[in-house]
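Going down the list, the protein sequences come from chains A and B. Under our numbering, residues 1 to 326 are what the first sequence spells out, in order. Under our numbering, residues 327 to 573 are what the second sequence spells out, in order.
Just so you know, these hints were derived from the structure itself, not from any lab. One or more of the hints may lead you astray.
What follows is a list of derived Cβ distance ranges for each label pair [what the hints assert, rightly or not]:
| no. | chain 1 | residue 1 | chain 2 | residue 2 | range |
| --- | --- | --- | --- | --- | --- |
| 1 | A | LYS245 | B | SER466 | 44 to 52 Å |
| 2 | A | ILE70 | B | TYR518 | 27 to 35 Å |
| 3 | A | PHE27 | B | SER466 | 30 to 38 Å |
Ideal Cβ placement from N, Cα and C applies to all residues, glycine included.
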Amino acid sequence: MWLSDNKLNHLRTIVGDPDFSSTKYTFIKELARGGMGTVYLAEDRELNRLVAIKVLNTPEVTYDLRNRMIREAQIIARLEHPGIVPVHDVGTLPDGRVFYAMKFVRGSRLDEYAAQHASLRDRLRKFQAACDAVAFAHAHGVIHRDLKPQNIMIGSFGEVLVLDWGVAKICDRLWSAVPWHRFGQSGGKPPHSKEAPDTIEGTVIGTRDYMSPEQALGEISQLDERADVYSLGAVLHFLLKDQPKVSKAAKAICLKATASAKEDRYSSASELSADIGRLLDAEPVSAYHENALEKVSRWISKNRFLVLLVLAYLLMRIFFAFTSRR
Amino acid sequence: MDRDTDIGGPLHKFPVTNHSAIIAARSEDQLVRSRAFETILAGYWKPAYKYIRLKWQADNEDAKDLTQGFFATAFEKDYFASFDPQKASFQTFLRTCLDGFVANERKAGRRLKRGGDVHHYQLDFVSAEAELAAHAAESSLSPEEYFHREWVRWMFTLAVEALRRHCDETGRTLHFQLFERYDLHDDGNVSYASLAKEFELEPATVNNYLAAARREFRKIVLEKLREITATDEEFRTEARSLLGVIL
Chain A
1 MWLSDNKLNH
11 LRTIVGDPDF
21 SSTKYTFIKE
31 LARGGMGTVY
41 LAEDRELNRL
51 VAIKVLNTPE
61 VTYDLRNRMI
71 REAQIIARLE
81 HPGIVPVHDV
91 GTLPDGRVFY
101 AMKFVRGSRL
111 DEYAAQHASL
121 RDRLRKFQAA
131 CDAVAFAHAH
141 GVIHRDLKPQ
151 NIMIGSFGEV
161 LVLDWGVAKI
171 CDRLWSAVPW
181 HRFGQSGGKP
191 PHSKEAPDTI
201 EGTVIGTRDY
211 MSPEQALGEI
221 SQLDERADVY
231 SLGAVLHFLL
241 KDQPKVSKAA
251 KAICLKATAS
261 AKEDRYSSAS
271 ELSADIGRLL
281 DAEPVSAYHE
291 NALEKVSRWI
301 SKNRFLVLLV
311 LAYLLMRIFF
321 AFTSRR
Chain B
327 MDRDTDIGGP
337 LHKFPVTNHS
347 AIIAARSEDQ
357 LVRSRAFETI
367 LAGYWKPAYK
377 YIRLKWQADN
387 EDAKDLTQGF
397 FATAFEKDYF
407 ASFDPQKASF
417 QTFLRTCLDG
427 FVANERKAGR
437 RLKRGGDVHH
447 YQLDFVSAEA
457 ELAAHAAESS
467 LSPEEYFHRE
477 WVRWMFTLAV
487 EALRRHCDET
497 GRTLHFQLFE
507 RYDLHDDGNV
517 SYASLAKEFE
527 LEPATVNNYL
537 AAARREFRKI
547 VLEKLREITA
557 TDEEFRTEAR
567 SLLGVIL
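Modelling step: build the complete structure from the supplied sequences, incorporating the hints.
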């Protein structure tokens, strides 16, 4: 029997594609492939809607990886926030691979969005929204650990969603401090897996270019929300690097967020978000101490309309004074 | 820029896969070693033969002798015991050994004679030669890429045959017939509806039978792959390569 290249490619595809025959989903196509799982577009036949389904990548279904996927679904399910894509369903395929179905987001990734000539203000607004979603996760005891432009989606209505919580970690210190009753939830036991590889000190998880120094060293027990602050700072750097006019304040925010020592960074994503908000409102930012000239310059920039109005008024007064004298 | 999520690091260890013939080939037990070797031979002889024909420009008789000689010598001299999965994949290792063997034979000006004291395996060189005659190697492929491509083709061919046997043994002949008509047929006009009509089945039944056959096929492919890889990491890497996906 001779398998032509066409047949071979077809067989490779059918072996690689997930078998949804025992579920209510119909496979459509592959959307994206990540370190742990692949995301497919599928149709939910019962609700007649499109969903994104993440399926464990490796055909080697180990207890660790199954647990990790289930844990990811549990973590996201807890994080009910407009900036975090909701999980609809979790299950197992006939071959034993775990999957979870989530909202299908139409739009582009932050790196694609930035490449479409988004203005600096637009970029900063989207970045701030991402910070807010991450801050919400931190408030629920969860750190993302893999923040990068490729994991931030801009929806077709401009909404910002933080994706891929596959390597997220429950931070014990944050978890125990969460006022669960205020969120209408019971804290309960964190969705930990003792066997999960990330619990092993020395394991490096994340993406090199966006990873904090402590994360790159595999200091798992040392990781807290400031690791995410560093990654957000690296994302901000990505958004600023091709911009012609970046203020000193914006650069200072970036530098503070990506400080090598975590003590020198913003203590939380919400603090970083607040500084970005102040930058957008032309208010002084905590990361930068401006001199008197810069203060005046910022005040003028912020009150440009008022300054123009006063200038116009003064010019008119000078003009009338001059003409009446003649 | 490094954009890929990494889950690994200095303490990450990759355990060996179960049922690995590569590991079993190092066994002290002669019977275990012998079985493991047969598995490796079955998985690699055809791509090895075609590779010798292409890269070393050997005629068919010479290529047959070199293929037989290589596997016989590998078994006798324990070539595969020195395989280190940290350095390369088994496929690359085997190809390198094969190149070394053929180069030595050529240098020594030897021609391995069939019927001598070298063990000979029952290998279907006629089919391999027929495939070479009917399907010339693409000129854009390097010999190494050609070896890999033919290895993938051979893996899938073995898996299809294994699926056929499995379906016959479990009374699922119809499953295989549907799989053969839909997934192995070059006719692009075959649809679930046309198959339902042809086999007098409900379209849903065609869907279910095909899904079951594909599921079994997937399992067989991965089992075969597991047999001829040494570690979980190598298994995953080869699975990605074999399934044509990039991580």
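TODO: Find the hints from earlier in the document that the structure breaks and name them by number, from lowest to highest.
DONE: When the structure is compared with the hints, none of them turns out to be violated.
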